[in-house]
Structure formats: structure tokens, C-alpha cells
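So the protein lines, in turn, are chains A and B.
For our numbering, count along the first sequence from 1 and bump the result up by 25.
For our numbering, count along the second sequence from 1 and bump the result up by 46.
You may find that some hints are simply not true.
[To be verified] Part of the chain B face toward chain A, derived, beta carbon under 7 Å:
id, residue
1, Met91
2, Leu93
3, Arg96
[Unchecked claim] Far from chain B, by Cβ distances over 10 Å, these chain A residues were calculated:
id, residue
4, Trp32
5, Leu36
6, Asn57
7, Gln63
8, Glu84
9, Ser90
10, Ser92
11, Asp96
12, Leu107
13, Thr128
14, Ser131
Bear in mind the hints are in silico, worked out from the structure with no lab data behind them.
Idealized CB from N, CA, C, for every residue including glycine.
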Amino acid sequence: SQTIHQWPATLVQPVGSPLSLECTVEGTSNPNLYWYRQAAGRGLQLLFYSVGIGQISSEVPQNLSASRPQDRQFILSSKKLLLSDSGFYLCAWLGLKTGYGYTFGSGTRLTVV
Amino acid sequence: AQTVTQSQPEMSVQEAETVTLSCTYDTSESNYYLFWYKQPPSRQMILVIRQEAYKQQNATENRFSVNFQKAAKSFSLKISDSQLGDTAMYFCAFSAGYGGSQGNLIFGKGTKLSVKP
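Turn these sequences into a full structure, and let the hints steer you where they fit.
Structure follows, in C-alpha cells:
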């Protein structure tokens, strides 16, 4: 079966510290992978997507970066966190059939203090 | 650019009754996909139902059904026999196509649904 894992579930980090959120997918190959951020009480904002290893597209200029070192691994990073980076981060994968929509990870709640 | 609008920030319904959530969208594409996602307090995003624009028949999944009006660019979600577990934020979403940037989902701002006993 196809599953998506995302960790950690919760993270509290001081301003200026680095960040690494990881997302892995099982049971599928060459997935399209996405990182979204959801601010409190708001919808989802697309941050990055990747169609393959080493291929990253950024949708919003910001303090974050993404990498895809392996086919089923997608990493969201920051060298120095800002208070505005706080939010709920969701990883999602899209299989070969767009019509089936995204499968989302369980999310990471990031609080920058 | 495509946009998705959910005009009802909050709604409530009595248990066992029926409720309809509204969604409109704007696009110049002729073929696309529409989705409703549910986000309960756990914040896990769960796909409720999907609709391909080329299909005239409205999608149905158990107690959930949609009213897809392509000409009006409207995609409403009907929940029948509402249950307490349906309490969640509901997001309408649009996708223009097939992977990569085309596969990106554009989300509305959501409707918070409360089911009351």
C-alpha cells in the first residue's frame, strides 16, 4: 500500500536556529512531491514541489529551501528560522493520476519562539 | 490564474440533518479536477470526494455528494445524515492537470463545519 510519513509531528525552535523536516513515501515510485504551509486559521500555501530527484521548484520566495536526495524523500530546510516561519507544514504526494488528488502526511506543527 | 472561493467561513448543522457547503472557482481550462478535503482537529488532510471536469455525472461517496455545475463554475458539497465525526474544516480545491506545476492544488480558505448533537 502507498503511505506517506512525515516527521517530527511537533517542533519548537528558537529564532535563528536551523530546520529540517522530512517526508518519505512508500509503495510508489517517482511520485510528485509537495510541501505546503498552513498558517493558523487559513488555507494551504504551496511552498515547493518536486517531480524527481534533485528537481525542486519554488512557488514562494522565502526563508526556506527544499531538497529531494532520493526518489521517495523530500526535505524542507532552513538555515535560520524566523518567527514568521511558524505554522503547520504538510507534505503531500501525487501519484500518476492527478484525478486521485493528493495524499497528505500527518503534518508538522512548527512554533518558532 | 485559477482561484477558488468558499464564501461560508463557518456553518453548523444538527446531527442527522443535511448540509451543503459552497465553492466556486475561476479558470480558463476546459479540463481539470476538483476536490473536497476534510481537516479534522487532528489537522490530517483527508480526501472526501473528487470530480473530473469532463464527467457530467456528479460524484458520490457514501453520505457525501457534489453538485458540479461546470458552466457556473460551482462545486458544492452535500453531506447527508450528518454525524458528529463530520465536524471539521472543509477545503475545496482545484487542479489544472497532471503532475508538476499542473498538478498543484489551489485551495479555498475553508469552511468550518460544526455538527451539533
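Now for the hints, and whether the structure bears them out:
1. Met91: Where the cut-off is 7 Å and the nearest Cβ of chain A is about 4 Å from B/Met91, the hint holds.
2. Leu93: holds, 5 Å
3. Arg96: Holds: closest Cβ of chain A sits about 5 Å from B/Arg96, inside 7 Å.
4. Trp32: Nearest chain B Cβ is 14 Å from A/Trp32, so the label holds.
5. Leu36: A/Leu36 is indeed farther than 10 Å from all Cβ atoms of chain B, at 14 Å.
6. Asn57: violated, 5 Å
7. Gln63: A/Gln63 not clear of chain B: closest Cβ-Cβ about 8 Å, inside 10 Å.
8. Glu84: violated, 8 Å
9. Ser90: holds, 18 Å
10. Ser92: At roughly 17 Å from the nearest Cβ of chain B, A/Ser92 sits farther out than 10 Å, so the non-interface label holds.
11. Asp96: At about 15 Å from chain B, A/Asp96 clears the 10 Å cut-off, so the statement holds.
12. Leu107: holds, 22 Å
13. Thr128: Per Cβ check, A/Thr128 is inside 10 Å of chain B; nearest 8 Å; violated.
14. Ser131: Label violated. Min Cβ-Cβ 6 Å, cutoff 10 Å.
Hints 6, 7, 8, 13, 14 from the list above are not met by this structure, while the remaining hints are.
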